[in-house]
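Trainee: Given chain A's structure and the hints, the job is docking chain B onto it.
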Amino acid sequence: MSKKISPDDISAEVRLELYRTQVRLREAEQRAFDLFLQNLVKGTSHLSLGQEAIAAGFAVAMQKGDLSFCTYRGHAHTLARGVPVEKVLGELMSRDNGLMRGKGGSMHLTSVEHGVMGSYAIIGAHLPIACGAAWRAQYRGDSDVSVCFFGDGTTNIGAFHEALNFAAIWKLPVVFVCENNLYMEYTPIADVTAVEHPAADRAAAYGLERIIIDGNDADEVLRTARSAYERARRGDGPSLIEAMTYRHSGHSRADPAKYRPEGELERWKERDPIKMYRARLLNLGVSETVLNAIEQEIKDEIEAATVACKAAPPPSTDIIFTDVYADGGWAWRN
Amino acid sequence: MAELTYRDAVARGIAQEMARDPDVVLIGEDIAKAGGVFKATVGLYEQFGPRRVRDTPISEQAILGAAMGAAMTGLKPIAEIMFADFAAVCWDYFANEFPKSRYMTNGQVKTPLVVRLGNGGGARFGAQHSQSVENWCMMIPGLKVVVPSSPVDVIGLMAAAVRDPDPVIFLEHKSLYATKGEVPDGEIVDTLGTAKILRHGKDATILALALMVPRALEAANRLHAEHGIDCEVIDVRSLVPLDTQTILASVARTHRVFTVEENPRLCGWGAELMSIIADEAFYDLDGPLVRITTPHIPLPAADVLEDLVIPSSARIVETVLRTLSN
Numbered sequence: 090m091s092k093k094i095s096p097d098d099i100s101a102e103v104r105l106e107l108y109r110t111q112v113r114l115r116e117a118e119q120r121a122f123d124l125f126l127q128n129l130v131k132g133t134s135h136l137s138l139g140q141e142a143i144a145a146g147f148a149v150a151m152q153k154g155d156l157s158f159c160t161y162r163g164h165a166h167t168l169a170r171g172v173p174v175e176k177v178l179g180e181l182m183s184r185d186n187g188l189m190r191g192k193g194g195s196m197h198l199t200s201v202e203h204g205v206m207g208s209y210a211i212i213g214a215h216l217p218i219a220c221g222a223a224w225r226a227q228y229r230g231d232s233d234v235s236v237c238f239f240g241d242g243t244t245n246i247g248a249f250h251e252a253l254n255f256a257a258i259w260k261l262p263v264v265f266v267c268e269n270n271l272y273m274e275y276t277p278i279a280d281v282t283a284v285e286h287p288a289a290d291r292a293a294a295y296g297l298e299r300i301i302i303d304g305n306d307a308d309e310v311l312r313t314a315r316s317a318y319e320r321a322r323r324g325d326g327p328s329l330i331e332a333m334t335y336r337h338s339g340h341s342r343a344d345p346a347k348y349r350p351e352g353e354l355e356r357w358k359e360r361d362p363i364k365m366y367r368a369r370l371l372n373l374g375v376s377e378t379v380l381n382a383i384e385q386e387i388k389d390e391i392e393a394a395t396v397a398c399k400a401a402p403p404p405s406t407d408i409i410f411t412d413v414y415a416d417g418g419w420a421w422r423n
Numbered sequence: 554m555a556e557l558t559y560r561d562a563v564a565r566g567i568a569q570e571m572a573r574d575p576d577v578v579l580i581g582e583d584i585a586k587a588g589g590v591f592k593a594t595v596g597l598y599e600q601f602g603p604r605r606v607r608d609t610p611i612s613e614q615a616i617l618g619a620a621m622g623a624a625m626t627g628l629k630p631i632a633e634i635m636f637a638d639f640a641a642v643c644w645d646y647f648a649n650e651f652p653k654s655r656y657m658t659n660g661q662v663k664t665p666l667v668v669r670l671g672n673g674g675g676a677r678f679g680a681q682h683s684q685s686v687e688n689w690c691m692m693i694p695g696l697k698v699v700v701p702s703s704p705v706d707v708i709g710l711m712a713a714a715v716r717d718p719d720p721v722i723f724l725e726h727k728s729l730y731a732t733k734g735e736v737p738d739g740e741i742v743d744t745l746g747t748a749k750i751l752r753h754g755k756d757a758t759i760l761a762l763a764l765m766v767p768r769a770l771e772a773a774n775r776l777h778a779e780h781g782i783d784c785e786v787i788d789v790r791s792l793v794p795l796d797t798q799t800i801l802a803s804v805a806r807t808h809r810v811f812t813v814e815e816n817p818r819l820c821g822w823g824a825e826l827m828s829i830i831a832d833e834a835f836y837d838l839d840g841p842l843v844r845i846t847t848p849h850i851p852l853p854a855a856d857v858l859e860d861l862v863i864p865s866s867a868r869i870v871e872t873v874l875r876t877l878s879n
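For the record, the sequence lines run as chains A and B.
The numbering of the first sequence is our numbering, which starts it at 90 and goes up by one.
The numbering of the second sequence is our numbering, which starts it at 554 and goes up by one.
No wet-lab data here; the hints were simulated from the structure.
All values reported here derive from a predicted model rather than from experimental measurement.
Do not rely on the hints blindly, as some may be mistaken.
[To be verified] Ranges between beta-carbon positions, derived for each pair: (1) G324(A) - Q681(B): 36 to 44 Å; (2) R604(B) - L105(A): 22 to 30 Å; (3) L819(B) - G417(A): 28 to 36 Å; (4) K733(B) - D231(A): 39 to 47 Å; (5) R677(B) - I246(A): 31 to 39 Å; (6) K733(B) - G324(A): 56 to 64 Å; (7) P694(B) - E274(A): 26 to 34 Å.
[To be verified] Below are the BS3-like pairs computed for lysine-lysine, each with C-alpha atoms no more than 27 Å apart in a straight line: (8) K153(A) - K388(A); (9) K131(A) - K388(A); (10) K399(A) - K364(A); (11) K399(A) - K131(A); (12) K347(A) - K358(A); (13) K153(A) - K663(B); (14) K586(B) - K260(A); (15) K260(A) - K749(B); (16) K399(A) - K388(A).
[To be verified] Counterexamples of contact, computed for chain B against chain A with all Cβ distances above 12 Å: (17) E599; (18) I611; (19) A619; (20) T626; (21) A632; (22) M635; (23) D645; (24) E650; (25) M657; (26) N688; (27) V742; (28) D783; (29) R818; (30) Y836; (31) L858; (32) R868.
Think of the CB as a built atom: it goes at the ideal place given N, C-alpha and C, for glycine as much as any other residue.
So here's chain B without its partners, still in its complex pose:
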């Protein structure tokens, strides 16, 4: 057992898979000698060499297209698209190429690859370097979408993503890179499509993702300590496949449910989850389904502004209190 940062967990997860399988290769901008702009791939170039850890030009379409062509013909590429916002300049591969080739070809073409992206806000980078793009990916049939919140999950889900035969979008949260967590020694392999109950409670279920997970946990602890409200906190972790069973079972126990979403309001993952809950757990509910999200605006850069719009633990506490007291 060792304490590791989320950032170092990314490199450890990739290293674990590269050491296991010579077909695993890593490409992206500044990911080799420089160790990545987020320093999440430090040491991999030194460990695995220039053949397997390769810098690319600023050519996101070339990066993803190359990853796809390599995957179709037998490699297991991991491609980095630095800031998740840049997915928009190579969106063809997310929307048209990776997810549809298997279907359109009646199963002939396979694209086992992982795209890593630096997702999310909190770094004062402004509207084009701070977005949470998991919803963009979630709505496309054929993609898998993974959003880890802790170092141990980063390693285990990275291993699961690399070993998965489908294209997996792996969203690393930029504001979690410096956070730390206990990580066991040895190989770690997790399972896609599994949510994790991080705190058990009986009064309400809070569903969260990525940076919103530690905030939901902090809010749950305060709600308990200061108000005697006992919340269950679930880290959804994987949007596709989606672990609805863990979530529906929790709602059946607590009868109240909240989502905490960093994305702008419209079409957030929470909206899909709430719709499933409304359909399948309606008679378990004792009150309205409440989504706590960033308002439907581009993200402002200034700290005082950004902190106001992305859900905070204080806003979660206030929303849960207000809702449960009605």
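Isolated chain A, as found in the complex:
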């Protein structure tokens, strides 16, 4: 994995944006966890603490109009496209100010206006759907790229293979991003996969390049994303990227992650993407004051969002029967 810093190709503004985004994702998800401990976040939630560099790098490299397709571990990818923290926390807290007014919940965060085309809770389902959005772009000559995020566990389900082959033969402008956090739910991915790199080692089967990157290095993620998007926009077809990372928390809120070997989490925390990126920025001459200001700004946003969500009412029960069908209602008979 390359750790090389080449200051030339990433502007200072973009670097600050990468830092701001990562801090925002970290703080928002940490807040979601705190609210869960206070029994204010209902249902399940799947955090990606420790994986922020991937969401930040791919989102910051996107253009307006590019489309994100996420999994149930989708808070970070949703926030990274600029969706307000209040909208996400509101959804997690089943409030009327939530992104979908509480009709979807943590696993289905969607904000079409931000290009977040959905968070999909059935493993693998959204890879073919991202192909379809990319097919539309190809069909109409639109320049947007569809970017599809998923975990290492997804590489063992049929839809992964169907989508990869489909995207390759149709040369679709879609980028598949496997976040390899080493665990498929509660089980080491290596225990259930025939190859060492569950995504990259299968790329050849679809005529694609084997790409493995350090998913905790936001610069490396950004560079990889830029090159994959450029390839897609050129009409040269899909990419499959395996980004190595580690989730600091369990699979879901119900999982204390006791299955991890002793010391593993601590070793990965030394490679915490935000800690590393902060050190890099200081190294590059960014002042402590600038970084502190960013951190404070994020903390303020999250605090304000929390206050707003706590004050927000629950959704009106009228919406139980809305939007089943396109006429806005649920009528199935006359």
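Mentor: Same frame as chain A, but now just chain B:
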């Protein structure tokens, strides 16, 4: 006016919509140059070209997922899942993705698409290529389910399905592909959620779908000619939305009702209809609600066996006679 097969009506219906709207695209296995394994898309590749009529690998999840992603972002895809039984290998899209995305996202995501499937038995294909899967689809909130029985309905309901803003499951009956019917010239557009009374009668209402429609009509003609019993035959056509008004009004006139269902017995569409009738027309009824269905078994392949289990006009005649004489 021209005589057209049900098979050619599928292609004509799709062509009508593709010519009207450049966002309508067609994908599926063998549907382009080969014209479809049932020859229901012959000529479309030649007429509309490889950009709009596109073959896929044998990847049903990719086909339906791609249709959904395209629909969410502005196209109006028609996707073919060859044999309806194959819906089981891509069921996630029917059950979890198409019908729930609009609701879960509070109306943000729209999935205007059509899935065509070759449904039903009678072709001696055995238990995995002969099923009637309309009930699988009917039970999922968010889907619309259309089951045409004649060439003119195929065209009109195809147009309605393509123009509909919701995901529509369009079930073509394999044993009807070769049947013929009169079709008017020019554009044909029908309405989803409308049943059709095909034969008026005063003694009993027979509700049927797809291949069971011609069998119900044949039975009604025999019951009239041979036994003086005058049955009303209704082609339900659309399971969701469901035209209960036409059905309840008929039951109010005839006071007796039968369903003819190709599906295995349990949870057939007829059970839902009978439950509505029992709830809302109980005092109109002069006798029991009788469902004529395939028994609750997988379909056998051999002709002598398959013909025995799928409702025939003879079985309809016999059941109606026995019930009305009690």
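Trainee: None of the hints should be skipped; say for each whether it holds.
Mentor: Okay, the hints, checked on the actual structure:
Checking the proposed 36 to 44 Å range against G324(A) and Q681(B) shows it holds: the Cβ atoms sit about 40 Å from each other. One distance hint, 22 to 30 Å for the beta-carbon pair R604(B) and L105(A), is violated here, with the actual separation near 43 Å. Distance hint check: the CB atoms of L819(B) and G417(A) are about 33 Å apart, consistent with the given range 28 to 36 Å. A beta carbon spacing of about 43 Å between K733(B) and D231(A) agrees with the range 39 to 47 Å that was offered as a hint.
About 34 Å separates the C-beta atoms of R677(B) and I246(A), a value consistent with the hinted range of 31 to 39 Å. A beta carbon spacing of about 46 Å between K733(B) and G324(A) contradicts the range 56 to 64 Å that was offered as a hint. For the pair P694(B) and E274(A), the beta carbons lie near 29 Å from each other, so the given range of 26 to 34 Å is met. Distance check on the hinted pair: K153(A) and K388(A) sit about 26 Å apart at the alpha-carbon level, within 27 Å; holds.
A threshold of 27 Å between alpha carbons decides the hint, and for K131(A) with K388(A) the separation of about 23 Å falls inside it, so the pair holds. Only pairs whose Cα atoms come within 27 Å are accepted, and K399(A) paired with K364(A) is rejected, the gap being roughly 30 Å. At most 27 Å may separate the alpha-carbon atoms for a hinted pair to count; K399(A) and K131(A) meet this at roughly 13 Å. Between K347(A) and K358(A) the CA atoms are separated by roughly 16 Å; this keeps the pair inside 27 Å, and the hint holds.
With a CA separation close to 20 Å, the supplied pair K153(A) and K663(B) stays within the 27 Å bound. For the given pair, K586(B) sits about 20 Å from K260(A) by alpha-carbon distance, which is consistent with the 27 Å threshold. With a C-alpha separation of about 46 Å, the suggested pairing of K260(A) with K749(B) is violated against the 27 Å cut-off. Note on K399(A) and K388(A): the hinted pairing holds, with a Cα-Cα distance of about 16 Å set against a maximum of 27 Å.
The beta carbon of E599(B) sits about 19 Å from the closest Cβ of chain A, which is more than 12 Å, so the claim that it is off the interface holds. Chain A draws I611(B) into its interface by the beta-carbon criterion, the shortest separation being 9 Å against a cut-off of 12 Å. At the 12 Å boundary, the C-beta of A619(B) falls inside the reach of chain A, the nearest C-beta of that chain being 4 Å off. Against chain A, the non-interface label of T626(B) is violated: not every CB pair exceeds 12 Å, the least being about 4 Å.
For A632(B), the condition that its CB be more than 12 Å from all CB atoms of chain A is violated, with the nearest at approximately 10 Å. Distance to chain A confirms M635(B) as a non-interface residue, since its nearest Cβ pair spans about 15 Å, more than 12 Å. The Cβ of D645(B) sits about 5 Å from the closest Cβ of chain A, inside the 12 Å cut-off, so the non-interface label is violated. Listed as a non-interface residue, E650(B) fails to keep its Cβ farther than 12 Å from every Cβ of chain A; the least gap is roughly 6 Å.
Its closest Cβ contact with chain A, about 4 Å, brings M657(B) to no more than 12 Å, contrary to its assignment away from the interface. Every CB of chain A is more than 12 Å from the CB of N688(B) (nearest about 14 Å), matching its label as outside the interface. Non-interface status of V742(B) relative to chain A is upheld: no Cβ of that chain comes within 12 Å, the nearest being about 17 Å off. With a closest Cβ-Cβ approach of about 26 Å to chain A, D783(B) is found to remain outside the 12 Å limit, as its non-interface label requires.
With a least beta-carbon separation of about 23 Å from chain A, R818(B) lies farther than 12 Å from that chain, consistent with its non-interface assignment. The beta carbon of Y836(B) is kept farther than 12 Å from every beta carbon of chain A, the shortest such distance being approximately 20 Å. With a minimum CB-CB distance of about 33 Å to chain A, L858(B) clears the 12 Å threshold, and the non-interface call stands. For R868(B), the requirement that its beta carbon stay farther than 12 Å from each beta carbon of chain A is met, with the minimum near 29 Å.
Violation of the numbered hints given earlier is confined to hints 2, 6, 10, 15, 18, 19, 20, 21, 23, 24 and 25; the remaining hints are satisfied by the structure.
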